[in-house]
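Participant: Chains as they are written, first to last, in the numbering used here: chain C, 1 to 433; chain L, 1001 to 1164.
Simulated from the structure, these hints should not be mistaken for laboratory data. Ideal Cβ placement from N, Cα and C applies to all residues, glycine included. Some hints here could point you the wrong way.
Stretch-level coverage of chain C by chain L, calculated; a stretch enters the list once three of its residues show a Cβ under 8 angstroms from a Cβ in chain L [stated by the list, open to error]: (1) 175-184; (2) 213-225; (3) 297-307; (4) 401-410.
Below, computed lysine to aspartate or glutamate pairings styled on EDC-like, alpha-carbon distance capped at 16 angstroms [said to hold, decoys possible]: (5) C:K184 <-> L:E1064; (6) L:K1061 <-> L:E1024; (7) C:K129 <-> L:E1024; (8) C:K6 <-> C:D21.
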Amino acid sequence: MEPTPKYLTRNFGNPAALTYDGYVAGGGYAALKKALGMAPQAVIDLVKAGNLRGRGGAGFPAGVKWGFLAKGDGPKYLCVNADEGEPGTVKDGPLMEQDPHQMLEGIAIACYALGIHQSYIYIRGEFHKAIRIVEAAVEEAYAKGVFGPSMSGSGFALDVAVHPGAGAYICGEETGLLSSLEGKKGMPKLKPPFPAVKGLYDRPTIVNNVETLACVPHILNLGAEAWNALGTEKNGGTKLYNVCGHVLRPGYHELRHDVTLRQLIYDVCGGMKPGRTLKAVVPGGSSSPILLPSEIDVRMDFDSLAKAGSMLGSAAVIVMDDRTSIVRALDNLLHFYSHESCGQCTPCREGTHWLYEISQRIVDGRGRPGDLDRMLDICTNMVGNTICVLADAAALPTQSYIQKFRGEFEDYIRAGERRGLLGGIEGKAVAHA
Amino acid sequence: MSPITPELKARFEKIVARYPKGQEQSAVIPLLHALQESGGGHLTTEHQQAVADFLGVPMSKVHEVTTFYTMFSLKPRGRHHISVCRTLPCALCGCGDVAKAVRERLGVGPGEVTADGMFSYEEVECLAQCHLGPVFQIGDTVYGDLTADKAKAVIDGLAKQGGR
Chain C
1 MEPTPKYLTR
11 NFGNPAALTY
21 DGYVAGGGYA
31 ALKKALGMAP
41 QAVIDLVKAG
51 NLRGRGGAGF
61 PAGVKWGFLA
71 KGDGPKYLCV
81 NADEGEPGTV
91 KDGPLMEQDP
101 HQMLEGIAIA
111 CYALGIHQSY
121 IYIRGEFHKA
131 IRIVEAAVEE
141 AYAKGVFGPS
151 MSGSGFALDV
161 AVHPGAGAYI
171 CGEETGLLSS
181 LEGKKGMPKL
191 KPPFPAVKGL
201 YDRPTIVNNV
211 ETLACVPHIL
221 NLGAEAWNAL
231 GTEKNGGTKL
241 YNVCGHVLRP
251 GYHELRHDVT
261 LRQLIYDVCG
271 GMKPGRTLKA
281 VVPGGSSSPI
291 LLPSEIDVRM
301 DFDSLAKAGS
311 MLGSAAVIVM
321 DDRTSIVRAL
331 DNLLHFYSHE
341 SCGQCTPCRE
351 GTHWLYEISQ
361 RIVDGRGRPG
371 DLDRMLDICT
381 NMVGNTICVL
391 ADAAALPTQS
401 YIQKFRGEFE
411 DYIRAGERRG
421 LLGGIEGKAV
431 AHA
Chain L
1001 MSPITPELKA
1011 RFEKIVARYP
1021 KGQEQSAVIP
1031 LLHALQESGG
1041 GHLTTEHQQA
1051 VADFLGVPMS
1061 KVHEVTTFYT
1071 MFSLKPRGRH
1081 HISVCRTLPC
1091 ALCGCGDVAK
1101 AVRERLGVGP
1111 GEVTADGMFS
1121 YEEVECLAQC
1131 HLGPVFQIGD
1141 TVYGDLTADK
1151 AKAVIDGLAK
1161 QGGR
């Protein structure tokens, strides 16, 4: 594998980059200067041409999203989604902790391009370190005149504030995030109207992921063509991938979009632990359908994984070896989704709990014939029937785990045996039951 | 006596100023965080009422936020609150053993506090440190690549230090 040039992670491991001066010494804020010399629409067009796909999980083209922002007078907002919490995902935390000014520069460029004068960075509450570092960087950016009444001397006013979350997966959904930012329960809202028309405080709002914004300065610096050349068709640039689970060397890596899942596991992360073989892998965070060892020669971009029946999502790869109980792995995730459902839509509130209850009785050795079809039936009634996609995020893995490992589930039900301790994270419940 | 000390009041005002006029409710979560930190690790009815009064929003709006988000606690927690991640990536790497070791070392279960008030224990969903699994978080610090022995050693170290 050819080594990937580093952009998003070029300052990682360099504590000097946490300061304004250190960031500038590495070429930082040059992209902002460049953007300020361009017409706002030209900046939007450049990001569009760079095929920057939203890094939060949906992969929607960021430049197109920017183009949806309602025109007109009155306040508009940029809200940064730093509520990282999709199981398996580790990228926004490191991006904020190791290079906060990179994100801030992206915010400044985006706000200039969109004519936005107020941005909120919604950081997951448990990220104490990231909150501390980003708050310090924001303060320094004000002191250096990047933010404030005249952004870098341009006369363009920009205020930026950090807003902490308080522990709720659902706030990673963009309208749930906005509800939370308004001081309410993090309950998603029906779309349309989309936030770009009616978002924070009912005003036009763009919600972008941390990594999406961190990419923006590099598109300005490199130009759309060079940025696109780093990725695959319609998937511009480099990408942060995290690999966890049963690989030899778990960790996050900045790579080109054309890396395959096999390369990620075997070349980048050292392969499986000694004596173990690959059983299954989740390519894009816990909400993405599971893949078999025969399906890992797939490029890690949004379109290739969609074609393979899964999704790139948050590029969080969860690797499971031959000792893993797929039944217990799914049970663990169903606990997660039933716990994190905000409760406002019946198909999700009831569906996630029913799925978890049935899964519990299967794990518990009390599974009944017909339970698997019952679970699939519940999934059918969840997908597409709710305000946000949390219900789908629970149903899609459930469907794929049962479809691809049906025999293992049936064995559980038939045997009705008690293997290891039960429920929650008791004993070695999930991994090596 | 109001739980909002003059020092907290100054901090509150700074936080509220981040949001547009008329949107003071936005400050509910940051204010509750500030009160919970300074108020011994949990939120009382008085705390919530004080936030409601300060922001001019109904108490019910504050209470529904307090109970919706997992980081807010209505019950006292230990000086060191231990959150063990239970979600799949950590589970694949053996968080069950870690959780069991912590529970045995402390003699408490989820949601409970040790008799000396030093530790409380909780099992939480994904902490987004999956490459380091199994992990737990104590206060601001995340401990990764845990084993049962490592987990116990961390707790022993904190117990020896005593206070915060």
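Participant: Three residues minimum, CB to CB under 8 angstroms: does the stretch 401-410 of chain C make the cut for coverage by chain L? Let me know.
Facilitator: Since 0 is below three, the answer is violated.
Participant: Can you tell me if the stretch 297-307 of chain C counts as covered by chain L, using C-beta to C-beta distances under 8 angstroms and a minimum of three residues?
Facilitator: violated (count 0)
Participant: Run the distance test for K6 (chain C) versus D21 (chain C): straight-line Cα separation, threshold 16 angstroms.
Facilitator: At roughly 20 angstroms apart (the allowed maximum being 16 angstroms), D21 (chain C) and K6 (chain C) break the hint.
Participant: Just to be careful, I want the Cα atoms of K129 (chain C) and E1024 (chain L) compared with a cutoff of 16 angstroms; is the pair within it?
Facilitator: violated, 26 angstroms
Participant: Verify this for me: three or more residues of the stretch 213-225 of chain C with a beta carbon less than 8 angstroms from a beta carbon of chain L.
Facilitator: Contact hint for the stretch 213-225 of chain C vs chain L: violated, 0 residues under 8 angstroms.
Participant: Would the pair K1061 (chain L) and E1024 (chain L) pass a check requiring their Cα atoms to be no farther apart than 16 angstroms?
Facilitator: Judged against 16 angstroms, a Cα distance of about 12 angstroms means the pair holds.
Participant: Using C-beta distances, would you say chain L covers the stretch 175-184 of chain C, given that this needs three or more residues below 8 angstroms?
Facilitator: holds (count 5)
Participant: Given the hint that K184 (chain C) pairs with E1064 (chain L), does the C-alpha gap stay at or below 16 angstroms?
Facilitator: holds, 8 angstroms
Going down the numbered hints, you'll see the structure goes against 2, 3, 4, 7 and 8, while the others check out.
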